[in-house]
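Student: Letter by letter, the chains look like this.
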Amino acid sequence: MRSIMFLLTGLVVIGLAFWAYRENYRTQEVAREIRTLQLEIAETRGALAILNAEWAYLNRPDRLRNLAELNFDSLGLLPMNGGHFVQVDQVAWPAPVSVFAQIENPVEVRGILDDAQGVSE
Amino acid sequence: MIRTPLRPLARILSAREQGENPDRIERDNIRARHDDMQGKARQRAEGRLLVLSVLFLAAFSAVGLRMGSISVSAPQEPRSGGGGDNILAQRADITDRNGHILATNIATYALYAHPQQMIDPVGAAARLVEIFPELDHEQILRQFTGERKFVWVRQKLSPEQRQAVHDIGEPGLLFGPREMRLYPNGALAAHVMGGASFGREGVNSAEVIGVAGVEQVFDETLRDPANNGEPLVLSLDMTVQAVAEEVLDGGMQLMSAKGAASVLMDIHTGEVISVVSLPDFDPNERPRPLTEGDQSDSPLFNRAVQGVYELGSTYKLFALAQAMDEGLINANTMIDTQGPMQWGRFKIRDFHDYGPQLTATDVLVKSSNIGTARVALMFGGERQRAFLASMGLTEPSPLEIVEASGSQPLLPPNWSELSTMTISYGHGISASPMHLAAAYAAMVNGGTRVTPTLLRQDSAQTGPRVISEQTSRIAVDMLRQVVTRGTASFGDVEGYEVGGKTGSADKPRPNGGYYDDKVISTFASVFPASDPQYVLIVTLDEPSIEGLGEMRRTAGWTAVPVAAEMTRRIAPLLGLRPQIETPALTAVTLSSN
Chain D
1 MRSIMFLLTG LVVIGLAFWA YRENYRTQEV AREIRTLQLE IAETRGALAI
51 LNAEWAYLNR PDRLRNLAEL NFDSLGLLPM NGGHFVQVDQ VAWPAPVSVF
101 AQIENPVEVR GILDDAQGVS E
Chain W
1 MIRTPLRPLA RILSAREQGE NPDRIERDNI RARHDDMQGK ARQRAEGRLL
51 VLSVLFLAAF SAVGLRMGSI SVSAPQEPRS GGGGDNILAQ RADITDRNGH
101 ILATNIATYA LYAHPQQMID PVGAAARLVE IFPELDHEQI LRQFTGERKF
151 VWVRQKLSPE QRQAVHDIGE PGLLFGPREM RLYPNGALAA HVMGGASFGR
201 EGVNSAEVIG VAGVEQVFDE TLRDPANNGE PLVLSLDMTV QAVAEEVLDG
251 GMQLMSAKGA ASVLMDIHTG EVISVVSLPD FDPNERPRPL TEGDQSDSPL
301 FNRAVQGVYE LGSTYKLFAL AQAMDEGLIN ANTMIDTQGP MQWGRFKIRD
351 FHDYGPQLTA TDVLVKSSNI GTARVALMFG GERQRAFLAS MGLTEPSPLE
401 IVEASGSQPL LPPNWSELST MTISYGHGIS ASPMHLAAAY AAMVNGGTRV
451 TPTLLRQDSA QTGPRVISEQ TSRIAVDMLR QVVTRGTASF GDVEGYEVGG
501 KTGSADKPRP NGGYYDDKVI STFASVFPAS DPQYVLIVTL DEPSIEGLGE
551 MRRTAGWTAV PVAAEMTRRI APLLGLRPQI ETPALTAVTL SSN
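Chain order of the listed sequences is D and W.
So the first sequence is numbered by full-length UniProt numbering: it starts at 1 and just counts up by one.
So the second sequence is numbered by full-length UniProt numbering: it starts at 1 and just counts up by one.
FYI, nobody ran anything at the bench for these hints, they're computed from the structure.
Any given hint could turn out to be false.
As the list claims (entries may be wrong) - Computed spacing ranges between beta-carbons, pair by pair:
1) D:Leu-7 x W:Ile-12: 46 to 56 Å
2) D:Ile-4 x W:Ile-70: 37 to 47 Å
3) W:Pro-225 x D:Leu-75: 38 to 48 Å
4) D:Asn-52 x W:Ala-226: 15 to 25 Å
5) W:Pro-225 x D:Leu-7: 50 to 60 Å
What the hints assert, rightly or not - Just so you have them, the derived chain W footprint on chain D, three or more residues with Cβ under 8 Å:
6) 39-52
7) 61-70
8) 78-87
Built from N, CA and C at the ideal position, the CB exists for glycine as well.
Build the full structure now, drawing on both the sequences and the hints.
Tutor: Rendered as structure tokens:
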């Protein structure tokens, strides 16, 4: 009986040792992965900071003003003034989209659409 | 184990034969057996102690060794923790009220040299000077060929320059990573930003420290890792600031002024939406302070905050508001304006003769020095001083830039009756445009004190009361009349009901007296008059313009049109809708101070 106990205990110890060994290596692997990820995050953050700085630099008011002046012919941008405020009913809303927009250039489908209000011509 | 019997028969028998006591043998044996057992127990105990002490020794030496190794080895960042990845920039960004970046960091490199590792120091020095023309060839050569083992060459490199240095192919030239402060908008809000430079420097990193403006005031906050890189949000609006700078710069050139300043402030929250001082500079390449001459001529000088000027007739509002608030006069009280007013050997004159009497409103509208001086005499110097102090006009501006501590207003050393009179129309007392903005904000916001701030606020300030709400309303109405029928007729902006007061003060000579042909002209305005929201101060230094056949220097001809153009451009950007006013008859009014 006792020797069986010893044997079992020995087996359990060997099993645990094997498990610990594997966990150890898995942990190290995960730690390495985290390290790579963190480096990647840091790099991405660095790139983001540079891009933000670049965005701010490209959108600096001086440059936008010059661009607006250079492209006045095509854009016609003027400094904003009080006259640009209008009443809501003065806003030129886009024309209502026709429900038949998709079938305004129909091919000859007479008689195929059910209840097509007769516009499919 | 063989047990020794306690009474071995052979010995007992022989003892009995010799007549001895056989019990003694038994006792001897018992003693011997006890000795034996004791010896064994002792041995076992000693063995256990030994094992135990070995264990303890092992445990303690393990702990000791670990402690030793931890203290000797280099510190290592925890790799698996989640917190370590937030710290990237050592200095937080600065943004405007809408989140547009005003200051950020970019990675760059510093260049240093190890002359002992160099293959061709002479050639390297020559090629470095080609890349960086500002380097001193002689000095670099001396450093590279001398005894030194470490030489700093440059603090910042652009990527192109770095590649060019790489292309030299000299192993003794090395790069150290650096974080550099970048102001992407260039000179925009330069005086608020200030600038930054390197503090303690090492090969692998360098401290970035603020040297002026908000960068210096909030240096600790910006560098505090506990803030987790949270940006510093200012009250400035980048778009408004850019427009203000553009218009003010145009106005300054048109009026041939040598400097200009403007302050736009929210009268309820005290937020400074835009503050401009021209000429300005690029904080990315902060110029050195002047080593000779007047510091106020340097572009580093912040005219809006550091520049304390006699702001002239803009102060008249304070005298009239105080008198009205104390119940001494009302808006229609007739005030004696017969001139010139003699006080000792000093005479007070008006720009024009306004006849014997004007109403209090007209004293402000026509800007009568004599009328204001008489009003000031009603309450006297002591109360005047207390009133000006209650708006913050006697102490340095509390604005959060480091230069603000230098904005101590100049007060008369002896507040005599004559001082009381001259101060009532803004002479003999100096303050910065920022002071004036805060004081005007207090006058028109319903009468509570405003502390100017550069940080975005979420709610209105509730400062101590300066004047009653009633007086504040009348003050706004009077200011509006100055624009509709007074000295600031060029200041009207259609739809935005500008109210304001002009001020033109002769510049003091450095050695006493005043210049005849150099003025500081100021326009302090508030808009829209029906529901005041913003205060705009525009100050021009030594402006002059040809108008109606003569040289004009007064604010009505110089600062007022500039301020009007600024309001016209800025008010829509602030989201103010133009009011539809009933059309009034247009008239040209000759303006004076």
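Student: Against this structure, judge whether each hint is valid.
Tutor: Hint by hint, here is what the structure shows:
no., hint, verdict
1, D:Leu-7 x W:Ile-12: 46 to 56 Å, "holds, 52 Å"
2, D:Ile-4 x W:Ile-70: 37 to 47 Å, "holds, 44 Å"
3, W:Pro-225 x D:Leu-75: 38 to 48 Å, "holds, 45 Å"
4, D:Asn-52 x W:Ala-226: 15 to 25 Å, "holds, 22 Å"
5, W:Pro-225 x D:Leu-7: 50 to 60 Å, "holds, 57 Å"
6, 39-52, "holds (count 7)"
7, 61-70, "holds (count 3)"
8, 78-87, "holds (count 7)"
Violated hints: none; the structure is consistent with every hint.
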